Structure formats: structure tokens, C-alpha cells
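From just these sequences and the hints, can you work out the full model?
Chains A and B are the protein sequences, given in the same order.
Under the working numbering, the first residue of the first sequence carries the number 9, and numbering increases by one thereafter.
Under the working numbering, the first residue of the second sequence carries the number 1411, and numbering increases by one thereafter.
No false leads were mixed into what you were given.
To give a feel for the contact side, a few chain A residues facing chain B, derived at Cβ under 7 angstroms:
(1) Y61
(2) W64
(3) V149
By construction, these hints were calculated from the structure, which means they are not laboratory data.
Just so it is clear, the structure is predicted and the values come from calculations on it, not from any experiment.
Heads up, the beta-carbon is just placed ideally off N, CA and C, and yes, glycines get one too.
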Amino acid sequence: MHDPLKFLKIQREMPREVPVATRVLGYGEIYGQFDAEGVANQAGRCLDCGNPYCEWKCPVHNYIPNWLKLIEEGRIVEAAELAHETNPLPEICGRVCPQDRLCEGACTLNDGFGAVTIGAIEKYITDEAIRLGWKPNLSAVKRTGKKVAIVGAGPAGLAAADRLARSGIDAIVYDRQSEVGGLLTFGIPPFKLDKEVVAKRRTLLEGMGVRFKLGVEIGRDVSFNDLRRDHDAVFLAMGTYRALDGGLPGLHLAGVHPALRYLISNVNRVMSWRDDQAPIDLRGQRVVVLGGGDTGMDCVRTAIRQGAASVQCVYRRDEENMPGSRREVKNAKDEGVEFLFNRQPLAILGDQQVTGVRVIDTRLGPPDAKGRRRPENVPGSERELLADAVIIAFGFEADPPDWFASAGIQVQNNGRTIVRAETDPLPFATTLDGVFAGGDMVRGADLVVTAVYEGREAAGSIAKWLSVA
Amino acid sequence: MRQAGLYDPAFEKDSCGFGLIAQLDDKPSRSIVSAALEALSRMTHRGAVAADGMSGDGCGLLMRRPEAFLRRIAAESQIALTDTFASGIVFLPHDALAANSARAQIESETRAAGLEFLGWRVVPVDTSACGPEADRTRPEIVQVFIGARDDTDAPAFERALYQLRRRCEMALSDVRDFYIISLSAHVLAYKGMVMPAYLPKFYLDLARPELASSACVFHQRFSTNTMPRWPLAQPFRLLAHNGEINSIQGNRNWMRARGPRFRSPLVDYRELQPVVSMEGSDSQTLDNMLEALLVGGMDLLHAMRVLIPPAWRDREDLDSDIKAFYEYYQLHMEPWDGPAGIVMLDARYAACTLDRNGLRPARYLLTRDRHVVISSEAGVFDVAPADVIEKGRLGPGEMVAVDLLRGEFLKSRDIDAINRARAPYKRWLKTGVRYLSNSLIDPSLAIEPMDSPTLAVHQKLFGLSREERDTILKSLAESESEATGSMGDDTPVAVMSQKPRSLFDYFRQSFAQVTNPPIDSLREQRVMSLMTQLGRECNIFEAAPSYAKQIVLNSPILSQRKLKQILSMSDFGGHVEIDLNYSSDSTLPQALDAICARAEEAVRGGTLLVFLTDRHVAPDKIPVHALLAVGAVHQHLTRAGLRAACNILVETAVARDPHHFACLIGFGATAIQPYLAYQSLLALVRSGQIKRRFGEPLELGRSFRRGVRKGLLKILSKMGISCVDSYRGAQLFEIVGLASEVVERCFTNTPSRIEGAGFAEIEAEQRELCGKAWNATTLVDPGGLLKFMQGGEYHMYNPDVIARLQAAVRSGDYALYREYSEAVDSRPPSALRDLLDVHSPNAPIPLDEVEPIESILKRFDSAGMSLGALSPEAHEALAIAMNRLGARSNSGEGGEDPARYGNEKSSKIKQVASGRFGVTPEYLINAEVLQIKVAQGAKPGEGGQLPGHKVDEYIARLRYAKPGIGLISPPPHHDIYSIEDLAQLIYDLKEINPDALVSVKLVSHAGVGTIAAGVVKAYADLITISGHDGGTGASPLSSIKYAGTPWELGLSEAHQTLKRNDLRKKVRLQTDGGLKTGLDVIKAAALGAESFGFGTAPMVALGCKYLRICHLNNCATGVATQHQTLRKLHFVGLPEMVEHYFRFVAQDVRERLAALGLRTLDQLIGRTEFLRPNAGAGPKQARLDLTPLLGDGLASDAPNCCIDERNTPFDKGTLAAQMLSDSRPAIATKAGGEFAYRISNRDRSIGARLSGEIARHHGNLGMSEAPIVFKLTGSAGQSFGAWNAGGLVLDLTGEANDYVGKGMAGGKIVIRPPSDAGFEPKNTVIVGNTCLYGATGGEFFASGRAGERFAVRNSGALAVIEGSGDHACEYMTGGCVAVLGRTGLNFGAGFTGGFAYVLDIERDFVDRYNPELIDIVRISTEGMENHLSHLRELLRRHHLETGSTWARELREDFREVLPRFWLVKPKAASLESLTETLKRAA
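See below:
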């Protein structure tokens, strides 16, 4: 019998964390796994609210209370099936979602009791199901013979591939990289998302009939027109790869690295994959990371693991207003990162090689129309930080390839692809018939889970357009 | 004719006082007539009085033919009478032409019938005895004389008169005012719309000394309308009825259905159809029915017991022959269920009967000069005590009759003896009836499991979501009961939804409210029955063994095996199987045509079983919803006169919860096999989601059926219906949102007032489901109807709305409130009001010209939420906030801590609910408003339960209960079974607290307007109309979802009806249910509300996150829990948050008023011209027609809001006033004293005013040491000693009526018969029904027997009586009751605290108590010394107080009688704990 007061009797507990001293020595994931009893206890804390705030806040609206109940009862396979109904990549979201800002942040128990450990449980469900040999069962799906090309094997592309396969549509995923996953693989450090997890997902997808064509760049290796001709529809999910640099003086200096380049380099090195560019190794260096988002957190923690002499993170607002996940900030602090809040970088200093960063103190001004308080510089508070390496993590913008224009796919001024609204009968359709787009390239750099959501919804829209659904 | 608004006279109800007086030897006398008239005038308080003080709702007299008088007046009018003649009074139109043609019609029909027309006489009346209202509608009144030919025998003459009258009625049906009061050689009736005292002044005949009769039946009416209609006054031609026939709709429908099969060798009914009236008063229809049976050849004792049988099935004390009599007739005719007290008079008998529930009072006495008198109240006849040889009361299902032919007074037993001997019923049943029990069923017929893709197809096709499966189905099968939920239903009603919704969702269950009581189907199971028979219904006039050839099932819910078994019985009538799946290139109406044609053809060909099945699904086929099919077939066969010749069996996927079954049965299905429910459950077992209990074979289907049966009984009982036979086809639903084309075809005559989805929309939704069902890639719908789910049904309190509201009230920032109100006001149209736009012809005005926030806040109440449902912290925060705002908070049910009286934590509204928890004199005087909660939106017609884990020390103290023990609120108020009872309770409350306003809380449903009108006539000052969406701390989910209607409908109907009856000015109208923003207030005001109740919103303001887990006591916000940690550490609510909320809403209202160009809210009330319907969203909404809400077609000069300060009762309570003025100084100074008065049944609520005064000075018990004694003599009126306070001693020599000592808190009530009484006190009733209801303390001694439900919900009083009726000590939670004599049945149902002693001389108490919660033990001389001496002491006290000789004898023979005593105790309490209680008390 379920005990309605379990949430009082059992405290919120995450799976055991690898101690800092050990974890910074390598790139393994820092969270362990629950055991069956532990997961049942943690899941059993759920109140099964009439208003499931977790589900509401979740961008893909996972049926969280429902699968918590299933896992409490030890019904792993059903829980995994249910988790996949809303989320094509649950084990990935379980690892990389900022749950503290989403489901767990909204959890009723987050007010004074400690939220249910939703992310860790989500991860447990799929990992365990896969370990037990579960895979999506498509035996009842009637093949439609339709073929859809997906450009980009990142979260949006993979999510769309999953949904299309489940609708009996052949999905062929193209990616210019040699591995699937996009940012999941190259952007997110392995200590947050073990690359083996992405590989397993690839196997599952292939088992569902999804085909991957890797190392193929559209517009270079295959023309877009050929792609359209050979498929019934196209889904573009190419992400955002144009790094913002804030126009700071000194960007050209040696030792200044764009965040993504740094992260990709590290993954290639850890995974011993081929890399066309020289590896970036920050061992023994004084590292300053500019920017307070999740990418910034990935960079500081990677730098720690590379054995940097010191790692500082510079952010222009206060901690309260940081966009990055609280959990990641905490992890970074635990691992020895120093945070410098309320500092605006003014310039990167140095001759050839970077030597430091000039920053100025800020304070928060009055709230703007959206209620967000803009930082203002405090006159006379300039100072210099010493640095051997500076990583720029100001964010990314969409970067549409040249063939967009000739094909007639319209974009906004900021480069984001224009698609039809979600309330439209055919959401995510671009201005070009039969071509859909979703993920970061449509909405700008955002969470993995929002990309998953858009991929999922776009697939539904494509199926509708193909008169399959 | 379609009504312009929502008011419909078909909803009118009435109730009353009634009686009978007869001389056993049929000796006529003037004194009988005089006594009847006098008795009638003494029951004036049971009727209603119009504003003119003279017009009543009608009263009348039906007397045995006054032979001498008739001959005299005939002679005066120069009418020559034949030997055998009949006479009757006739209403005619004033228009001479019309009147003459009516007369001519009667004359010619008389001749055509072979009778002799003898003459007309104008009945002399004095119109000055008529109030202006009554006089305006008064018809011409004449008397007709008709003679028989010499060779006609009396019954034949009566039959001829009946046929003659029916023909005239049919021929003159469109003549206004034409009505024959009676036309008989045996009886004569007078009736009119006057007050009882004026009846003999109006009808001069009644005052004539030579008017002598040997028997009279009389009646005084209380109607829920003010529009006098003379024909509806009672008695009718044979009977007068107090109460209501709950099953009337079903009874009428079945009479229509059995039309051609209803034939007597004596009368040809075919040309007289309809035999019973299809509309108008239920009593009138019953009278028609009884009359039809009598002229067809039955006698009164036979006919009446067939129509209104007692609950016979589970009665161990009835012999099997009489049970067979009842069973035989029930195979052919459904019972006419009460609540009913009926008095009758025909050629031979004067009789009285109560229905099986016995909810109407009837007291009788037999005098030395052989008169029998029966009446609703004791004390209406003056008989010297010495002349009374027997006194008694009718119990449930009892009947008494005076056989005027043989001069005998027959009791139930005597009547049973006559009936059982009429035919060898038992033998017939033995050979004819097959009882299909499970053991007889071939196991090879068991269900074969579906594979999982097939199951998924079915689940998708028939809309079974995972949520429904996991919540509803699983609970029914696992716990054998319905799932419980909390909070309200915040989803759109089906027609407003943008999703495909189950057809069942359009149907709202009817429920009993004020004019009749619901039943407690759990605690009073004995009266309930789901027995269902299969077989041809036969002609009731021809009893024959072959007619007993029937199959009897214990319930209408079939297993697959049972269904197969029935269908395979080749010798049983045969069946036709009709597939409900139709080809997708056809349409739904065409499919219904084909189904009906097929059924008709088969039944015409002699097929007995019409078997409808939706099992044969296919991708190219569309299923007809089983409810549509059942409704269409039932209506079609009824119209064709074939329905009674067949049974409708249904095998369907759509029936899953009790409501579904109720709908199918209510619209005509005989029995149902719910295969998809079984299959879905089987799959859950296969996948391990339902666990096998160790070793036990899992009988999931059986458990599921048990759960459904329980739910079904609850639905029946909600409407006060006992037998599924009376429910079948009774259509006890209101439809919200179906088009007329659907209603007329499938659900004919079911109330449905705003149009809605038609066949096209229903079909389109089903086609949408079909599309998904056969697409393997579409998943089974996850749900979202019960709890919010993204992509599921819209929820009006969704997480976004909650979050915004909390942000606003925590910050106090009006801009954030605006974000909240914007989210609410611009939601997708979900509530009916969302389809009404506000607009104004006026130019906007500046905001500062609008009335201030403060004056708007006065109109806001918080809705009743009990301490118990809420934590003390939340409850107090709410009270503080409302008090600071100058608004009112509502205590809810459950009492209030006296520490809160008189300070800012006090709730200004004190609720009086059916559990009467903590309702003490002090509680009642600490209120500005006393609210009688008749029903609550989340579960109207049901009681409640506070689970034991929520009853902590504090709550137990406030509720006078024990910690940890669950508390039950009964479904009805046991002192409100009808409108005149409500009037009495209102009177009681106004007596104890004359300063308080009395409010009555009702739930919206079709007819609530009419009830509201009755409530105003019962002198309520405020009425709340709650929507179906109100919240609850715990209710079965199906109650939350399926009962009550949106408040927009109920409020409009109430406003329109009150206005039409010119009662609107007397009452303040409030509405509640999901009100969230200023816009809601504005719309409610325009629809007629002047005050507004808020429940959920202020709770949310205090931190509630709408988790719907209130019933689990684990509310993480500390709002709805009693858990210490959660309350102390996690409740964050502050009164300021609530204050912010209400100020925001008030400000919102002001801004909107300014925009409308209005300065005050008063200017908007009832002004529907400020509302304009919009088209809504989607095809279903587009077909709604909300104009009935907006227009009532009335002139607008009647007031739109309350004008009168107070609604003051007609009865000024002169004796009570005298008593108070005499004793006031003695109370104020706590001096004590003794006073003496005479008392009559017209002196009601005696003691209440004194108790109020005492409580005001000294609290509940503060005057206990200085008692003030009132010595009274006579028959006390109702509610004697209500809420008796400490120190008040009422010492009555005589007798008392119902509700003695209700709510007694302290002091003492002693009642003894007069010393010269001619009867044996211990066998004689001395107090009526429902005494000590909700008592919390005090002592009660009565030397005599008590009526039904003695000490119901007693929680502290000590009482000694000498016998009791049924259901004594029901729901008792404390105190001690000693019954020194026989008790009725069902003693101690729901008894969880206190204890009782029962003397069991006949040694049959074991069959008479309800063993569910209590143990009975002998009082041994060893180890139980405390009880022994306690009992002995009680006997001593009883003798001392009342002078009871019986108590003295028992004491003298104590050793001998001790072994005949039982000690009754709750199972949950140990003997030791009781002993402790005793020791402490000593």
C-alpha cells in the first residue's frame, strides 16, 4: 500500500555522487545509479498532485507522476514505454536537463521538502530498461513507404527520427559529423553525458529502422535539391553554431578559445576520435571563462578536469540571475571553480598571448519591460584578472547555410529559420513546401529538451502533411 | 409550449400536513366533520401562507358520503334523487359560454353512459374568505348529481362514473378551469386555495350542521410556487399525500409503456388513455393510478400494497407467503417510491400508509367511542386522555385501515393476512421463477481474454483512457468501491469541451434536495434492492401461475457467463441480437432507425429479449453509443406499446463506472454486460498491475460488479429511490448540452434546456475516435479528465492559473492580479458564462464614481469549508481575513472553537449541516447568518465522512466525538424530509437566534428555482445556489463529476422563478462555484446574484496548490490536513493574502462597472440585457442556446433583488414569547425558578428562544447549577426543547411531536403521559421522529415510545425511553441511550461512539440491530458492576422523573430482567474504556 506521507518520512536523495577528489581526475559521469529500493523510495515520495506542476513545467510534458508510480511498483518496462511516449530521448534528458529549473523546480515538494529526484529517476528508468534488453516495439506499426530526410543528428533530429519511425515513416538522418548526437556528443562533456549513452540510443534508433548518413554535409556532399527530390519531406535540425563573441577587444589573441571549439576538442580527445584541429589543453593554466550559461559551466568543469591551475567564471549579473542550472553551478563550485559575479568583461588583454581580462563591477538596474534587471557598470571599479586562457561562452546564434536562400527557405534577421506557429495546423513547416525545421536553428540556442520537443512535434506535423496521421 | 426562460411548472413540488378521522361502525356525525376541520386548522404551520395572509397553497376535505346532507341540499335545489346516486363538485370556467358547454358535455356523456343526469346545484361560497390571489384564480364551483339505473350494482356504478369522468376530462381537456373534484357514490370532496381556518367559511356547505359523515380525510398543502391552482389542492378523489413520489417519472413512463397490456375484464382502458396524468402533481398521478386499479377490480388494501410495498426482501420477521405476494407483484409493477404518507378513503376503507422509508410522520389514536384518528402531528384532535385506549404511529412500510363495512381497525399484520391469502403466490413463484445464481452457470462460458492490440483498439474506440483505467476501473475492482477524490470538477462540461467526450458526461444525476430526502444506502441498506427480473410483464389484474415465469437476477450488472446463459435458454422467450456498429457510409440517425425497426419487428414477432451489442467492431464501421441505442429503442418500443413485452439487454464497451450503468438503466436497459471493463481489468492482472492476493482465486469481475453495485445504489439513494425497478426508465437525469433532436428521440422529456451537441456532432466525435482506434501508431489516450494533463482536457485551475494567483496575492501587486485575471478571463471558453460577453449601452464613467471597494466586499462570503477539511491555521486565517474585510467567512460543518467566539477569528456564517457536529446553542447565537447546507456542489444528495485519521483531539472536542474515530454525515438532514420540515428548521433557528439571518444552500439542477421559491415561503432570508463545480475534502469521483449543473443555469432559474412568483424581493440570492475574477462576479450579478461565495480561490490564496489530495491528509501546503508537521512547518498562508485576493476582485469589479457605466453593483443585478451570447469555439458550443438564461419573458417591473430586510415567519410564537418575558430576569440573574403553561401542537420550538437567551448570558452550560423549570401540559408542537441549554428543564405532561430535544446541549426534558390516560404508556408513542438529533448533552426521560431515528447523531445526551422506532441511535458518536422496550429495525447503524442499553423481552434484538459497527453484550453481574449500577440508577431516575410504572417494575424485578438487557457498544471501543467513561461521569 502506498504511504501518502512517504515524502515526510524519506528525504530527497540523489544517487551517490562520485566524490570531487576522484571525479575531477577523469571524465566519467559524476552521478551513480539508484538501486531498485532506492528508486522506489524516491519515486514513492511523489504526491501525485492533481495539478502535476512537474509535467506542466516540463517542455515535453512527460507523464512524470505516472512513471514515478510505475517505477515505485518496480514496473521498469512499462515505465520506460511511458517515458518514451512523450520523450524520444529520456535517458539523455534525465542527465542533461536543468531539472532544478524545470520539473524539480516546479515540484510541489520543492517547497520545503526537497523535490522528487525526477531527473535521476528518468535516467534510471531508461538505463535499466535498456540494460534488461528492452527496445521500442514497432511490430504493430504499418510501414507507409514514405521517406523523410532529417538534416542534423542532434536532439531535434533524433527526436524527429524516433517519432517518424513510430509512424511507419522511413527516417534518414544526415549529419556532417562522423558521430550522431550533435551537441549531445560534442558539446556536452562526457562527465555530464557519457558518450556510450548516445551510442546506445543510436543502436535503438537503428533498431527502429532509422538510418544515419554521417559525415555528409548538405550543400557540400549532397545538394539540397537532390535531397528534396529523393525524399517525401525534409526536416532541418541543424542547430546553432555561430558563436557570439560580444565584440570584445583582444579576441584574436592566442589562448582565447570559443567555448564550443574547446568542448569539441576535449570530446575528441577523450574519445580518441579524429580531430582536424589542434587539441586545446589547459593543463596548468589560469583559465577565465566568460559567460554564465550551461555552456560556460561545461567549460569551467572541463578545464578543472584538464588540470587547469585555476578556473574563474565571470558573469555580469548576480548568482540569482544566472541562466545556468543551479545544480551545475554547485557542481562547478564543488570542483573548485571560482565565480566572479557582477563583473562585466571589457577587454581581453595581452600582446600575442592572452595575459588577462579587464572587468568592471556591475550592479542590477531597474527591471525592464520583461521584468529582467539589466546590469549597469559601477564607474571606477575596473580591475584586471590574470589569465593564460580565456574561453568565450556568450552563447550561439543560428547560422543558415547559403543554399537556404536559393531554395527559398526564409529566415529572420538573426538567422533563425521562419516556421509556422504551433497553433497552425502544420506547425514547424518552413516557407518551402514539404520542408520543416525545428530545434535551436528555429528558436535560437536553447535546452536539449526544447529541441527534443520541437523535433517530436515537427515529426507529428510531417506525418500529418504526408497524410499518415 | 416552450418556456421563454428556465422556469417550468413541471418542477413544482408540494408537501403538507394530513390526516384522517373515521368512526369504526360507519356512524356519521357532524362532529367528525368538525374535528377534521379543526385538525386542519391546527396544522396551518405545515402549509404556506401567501403575503395577503389569507391565500394558502390549498386544503381540502374528502368525506364519506354525507347521505342525509346530500338529500337535503338536493331537495333544496329541487333535484329529485334516485335510490342510487352520485354527487360531485365541479370547477367550471367563469366564462358562461364555456361553462355551459362543459355542463352540456357532462350531461350528454352521462346519458351516453346509460346514467341518469339528475341536476346541477351552485355551490354556495363566500368569496370574502378567499385571499385576493386565490380569488383571482377561483373557478365557478357547482355540484352535479347523477343517478344510476335500478339494476346497477355499486361497483358497476362507480366504474361507469369513472369512465364518464375520464371521457369528460378528455373531451374538455382544453377548457381552462374545468376540473371534477370527485364524482362518486361513496365520497364527496371539497377543496380550495384558502387557509384551513377559512375552508368552512368559504364553502358554506361545510358549516351546515346537518353535514354528517362517518369518515374524513383532510390535507393542507405547502407548494413551492405562489401561483394558485385550485385543482392541485388535495385530497384528490381517493387520497391525500404528504411527501413526494420520487419515482414518479419512471412510474409514469412505465404506465405509458404498459398501456395496451393494462386491461381489466371490467373496464376497457384503451379509450381512456392516458390512465394516469403525465404531468402535474405526483400525488394526482398516484391517485389516478389507485383509482384505475380500484375500478379494475382490486380492493384498496390490495392495490395500495402493490403500489407502495414495504421493504420486504430482507425482513426476517415477515412470513414467506406475504413476501411471495410482494415478490409476485413486483415482477409486474415497479414500486411507487416515497417519501409518502398517504391517507385514503374509498367505498369500504379509510386507510393510511407510509412508504418503506417511513419518512413522513403519522400518529394515530383509537378512542373509547370507536373513532380512529390519524394525523401528521399529535395534538390536532381534542380527546380527553381517559378516552384514548390506544395511541401509536405508523412505522416504515406500515399500513392501517378502518374497515367501515365490518367495523374493524386493521393493522399491517391484518392487512398482510388478507393479502397473502388472495392466491397461492408462493407456489407460483416456486415453479415459475428461475434465480440465476452463479453456481448454476456453466464455467465454460467464461470470458476469453482479448490480445493487447485488440484491447487497445477497443479502448481507443470507446474512449477508455489510461487514467480512467488506473483510477476508476482499478479502484472498483481492487477495493470494491469507487475511487475517492477531492476538490471540485474544474473541467468544462461535456458540451463545452474541445475534446471528444463520453456521451454519459452530458448527463447529470438527479438528486433529492429539500422536497424529498436522499437515503443512506450504506447504513440503511435494508430498504435498497437491485433485484432485476427478466420476463414478460403481465397484466396485473389477472393473477396466474404462468405469470410467475420469470428469471430473477440479483443485480442488473451481468457477467459474461450469466449473459451467455440467459441468451442460450431456448425456452425463455428468445432473443434478437442487434449489432450497434453501422457501416461508415451511413449516418447515425439512419443507424438508429435501423436498430429501432429491427427491435420492433422482433418484439412484434414475440421475441422477449432485445439484445444490443457493440462488440463486433470493424475498421469500416462506427459504433452507436449504447446509451443512444438503449434510449432510442426504449422510447421507440414504448411509443409502439411494446416495451413491457420485452427486456433490453446490453453488451457494451462504454459502461465502466456506476454512472454509466445508472444512465443505461435510467433510460430503459434491463441488464448490462460491460465487457470492455472486464477485459481491461483482465489485462491489468496479466501485466501484474493488479496483484493477486496470495492463493486466492482472483474474482476481479465479481469485485468490479460489487463496486459498481455499491455506486449504483448510491446513485439511486441520492434521489431517494430504493429499488432499481423504480429507477429503470425513470430518466432521473438532467441533460446539459444535447440538442433537442437527440433528447426528443432518445431521452424524451428529460430536462435539457440549452440545446447543444446534435447527432452530427456526436457522430463526428465517434468518427474521430474510430480514426485513431484503427491506427496502430496512435496510443491509448493518457487521460486528463480527472487531473490536469498537458494535451488533455482543459482545467480551469490549471498550474498556470494557480501560480499566477499565488504570485499576485503574495506580492499584493494588482498588476500581477491582472496577469492572473487575464489568464482566467481569456481562457478557451470552458464555463457557460464564457459564452456570454458583457456589453453596455452606457458610456464608461470615471472609476471614482463607482461605489468603493468596501461596499463590494460586503457581498463576498467564503464558502463553507469545515475545520477538519481545512487545518485550524487555514480556517482561522480565512476567518480573520473575511472579518477584516467586512465580509463573511463560513464555519462549514464541524463546529467552532468557543475560543473564537466574539473575536476576529469567529466565522460570521455558522453552518448547520446534516451531521450537526458542534451545533450548540452558543454556536448558533454567535452568528450573523445561519446557513442550512442542504447540498454541496461536489456531491449533492450525499452524506460525507471525515476519516478517522483526520479526527485529532482538537477536532474531536469541537465535534463532540472521539479522536481517531471516523465521523459520518448522513445524506439527508434527518429533520428535513420535505419543504415544510425545512420551514420548521428555519423556524427553530430563528427562535434560538432571532437576530440571525437564515440561509439555505442549494445545488443547481433543473427545478432548483421552484425549490428556491418554496424555501422563500419557508422564510429563508438568503439562498445560495451552488454550481456542480464546488470543492470537497473527499468525495467519490463519480459524485464530483456527475451531479449538479453549472450555477449559471440554477441561478438564472432561481432568479426567474422567484421573480415570476414575486418572491425575489424577500430573499438575497447568492451563487458560488468556481468564481475566480471580477468578470465572474459581474456575470453572476447580471444573472441575478447579489452575493458571491468563494471557496477554492481563497484557499489557493492561502497556499493550496490544487493537489487534489485533501482526502489523504497529506496536503503538502498545510491547508487541508490535520498533520502536525505539515500544518506547523509548511502552511504559509496569511490572512493578508486572502485580503489581497478579495480586494483585487473587488477592484476588478469596480473597473468593470466603470466600463459598463454603472455606479453600483446593485444596478447590474438581474440585468441580463448586459450579457450577450457569443458563438464560442467549436461545433458543439456553436449549437448551444443560452437565451433561456437571459430572458424569462416577464415584465421587468418586479424587483430584481432583495428589498425586505428580513423574511419573518407568519407564526409569531406567542407562547415562546410569553415564556421568555416571564423568565427573562430569572435567566439574566441566574436565579432559577419555576413556571407553568398549557401547550398545544401549534406551539413549536418551545424552549429554543429560552436556550438562546441562556446561551447569550451563560454559554451552553453556564446556568446548569441554577435550573429554571417549565411545567407544561398538553401536546407540544414540533422541535420541543430544540438546542436545550444547560439549566433549562422542560417538564411536559402530555405528549410531543417530532424533533424533541434536537441539538440538546444540556438541561433536562421530561415527558410523561397524563395520569388519567386510558392507554398503556410503555406501548404508546409519546414523542415523534428524530428526537435528540445531534444532541451534545443534557438528559431526556420519556415515559413511552419514541418514533423513528431516536437519538440519531447523538453525541452526548443521556436518554431513557420505553421503546423506539427504526434506526434508533443511528450515527451516534457519544452519550447513552436506554431503551426499556422493543426497538425498531436497524438499531445502531453507523454507531461509532457512546453506548446503549436495550431491553429485549421478545429476544429478537439480534435481528433488529445493525451489526456493522456495534457489538451487543450481556451485562454480567461479574466484572460489569459499573454498568449494572448505572443501569439500575437509570431505572430509578426514570421512575423518579416520569413516574413510569414500567421503570418501577423493572427495578423491582431487576435480577430477573437483567439477562434480557443488552449493552450496545461500538466495536471500536473496549468495555474497559466504557467503564472508564462511566467512572468519570459518576
